[in-house]
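Colleague: If you want the building blocks of each chain, they are given just below.
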Amino acid sequence: MKQTGVKLFLVCPVVALLVQTGLAQTTGTITVTGTTPTAVSVTNASDAALSTTVALGSLTPAAGGGLITGSVQARLRSNKAYTLSAQAAALNLSNPAAADGGSSITLSDIGFGITAVDATGANVATGHTDTIVSLFNYSSGFPAITNGLTPFVAGTNATLNDLTANTQILSGSRISAKGNISTNNNFVLLTLGIATLPQYFTPNTGFSTTVTLTIAAP
Amino acid sequence: MNRRIDILLLLLLGLILAAVANSHAQTAGLGLDPGRMEVEMKPGQEKTIAFTIDSPSSEVPVRGRLLLSLTDWDVNEDTSISYADPGTMKNSASPWVVFSPAALSISSGQKQLVRVTVRVPQQTAAGVYRTAIFVQERPPAAAPQSGEQLLYIRFRYVFFLYVVIPPVSFEPALTDLRLIPGGDGLHIVCDLANHGSRHVRPLITVSIRNSHKDEIKLVRNYEGTVLLPFSTIREAFRLKDNLVPDVYEVSAQVDFQDNGPLQSMHRTVDLSSAN
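Listed in order, the protein sequences are those of chains A and B.
If you count the first sequence from 1, position 200 lands on 200 in this note's numbering, and the numbers rise without skipping.
If you count the second sequence from 1, position 267 lands on 485 in this note's numbering, and the numbers rise without skipping.
Hints are computed from structural coordinates only; laboratory data are not their basis.
Hints may be right or wrong, so weigh each one.
Sample of chain A residues at the chain B side, in silico, Cβ under 7 Å [claimed, not checked]:
no., residue
1, 51
2, 166
3, 209
From chain A, some residues computed to sit far from chain B (all C-beta separations above 12 Å) [claimed, not checked]:
no., residue
4, 82
5, 108
6, 118
7, 119
8, 143
9, 144
10, 165
Bear in mind that the values here come from a model prediction, so they are computed numbers and not experimental data.
Idealized CB from N, CA, C, for every residue including glycine.
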């Protein structure tokens, strides 16, 4: 009997507390706040690196030889309109031989542009459009070789020489309808092409340059 | 009992396959979140904001060293963006900004917070001031080895910052609408001007109809390039196909998102004698 009394003594405050809580929760509003900020990203589709390297290999001139080409793919995502620009650093030649009246390879001997833009993912924003700056549009391929000389015509076919200053090469409307940086169907797959024709340039033991691609949504 | 173990094994196999499939979808790279920010401040005030550098998970772990640096920027009339050394452009907010860290290491699956502190000097006049922070990988220092012909492709990301010192005002206008030939075909060009001291973000709808009222091209609510204070831009829309000889009506409607009325313009273009 005494035990029952103790139990009742303990239960009563609990009931009282529950009633009080119940009374306090009449009606209420939960406010969920947050923002969806502007976000942009570039990820590599094939290379596991933050930056990537294109090796053009041995550039040996040959009769009837074609362009040596390379390509880079990148996935662009954004929830706002974007622009992509590019800038090439000076060509860094290793151990160049004496010119002897000849010519060395220059930035204008290396074609550079966009060969494909694929925006067919299911979660690409409806009505999305991309505009390639015409000079950098190589979607129909690089120009044909006619005489063993560099086929890129200044002002018509873009080369790295057109990128000595930061230059816009692509722009577009919002890309991603939703998803995040790892979603596999909310991006524009961009393919950049690089090409050069091996010629009797002044010998060197190697060369390199850096092309910086800048994605922006100002 | 054996049947139960078989079912469990099948479920486990399914989970492993799903995990593998998921990991293939993940790639290396970087993202900025947010990619731009606008802060309203008063002269003499200090504010700290932040953005995140996001490196997604990768099947092959990626590690890199990133450098951060300030830059000034501007939008050109053709809507391209120019970058310049910090503090060299008009209305630059770069001298007011400090950020941390200026360099960092990042690995796949990591996020790094960058804090940006803005101190607006006393006596700063009202207006919109701009700066940006480049985020890019350290360039290769080594010269090419013998036999190497290399192009390093480096991605650079930009965090844009607008510092708005009130009072500022909107005064945008759609000033002209043209159909002009370009190197890659015909373009519908909207000329936009901003006579106000606050930037605006126009939403543009353009259409072109032939004499039979057939719609040739329609772009609806295209988010145009930011229209900076006291600036003009030419927003161009390329027509994929050439137009056959006819009389066309070109229309544009712009919502400057400034709580003002929609602005619209129509032009009749006679191409009936064109080849």
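Colleague: For every hint, state whether the structure bears it out.
Modeller: Checked hints:
1. 51: Residue 51(A) check passes; min Cβ-Cβ to chain B is 4 Å, inside 7 Å.
2. 166: holds (6 Å)
3. 209: holds (6 Å)
4. 82: With a cut-off of 12 Å, residue 82(A) comes too close to chain B, as the shortest Cβ separation is near 9 Å.
5. 108: Non-interface label on residue 108(A) holds, nearest chain B Cβ at 15 Å vs cutoff 12 Å.
6. 118: holds (15 Å)
7. 119: At about 15 Å from chain B, residue 119(A) clears the 12 Å cut-off, so the statement holds.
8. 143: Consistent with the label, residue 143(A) stays out of reach of chain B, its closest Cβ about 16 Å off (over 12 Å).
9. 144: Residue 144(A) is indeed farther than 12 Å from all Cβ atoms of chain B, at 20 Å.
10. 165: violated (9 Å)
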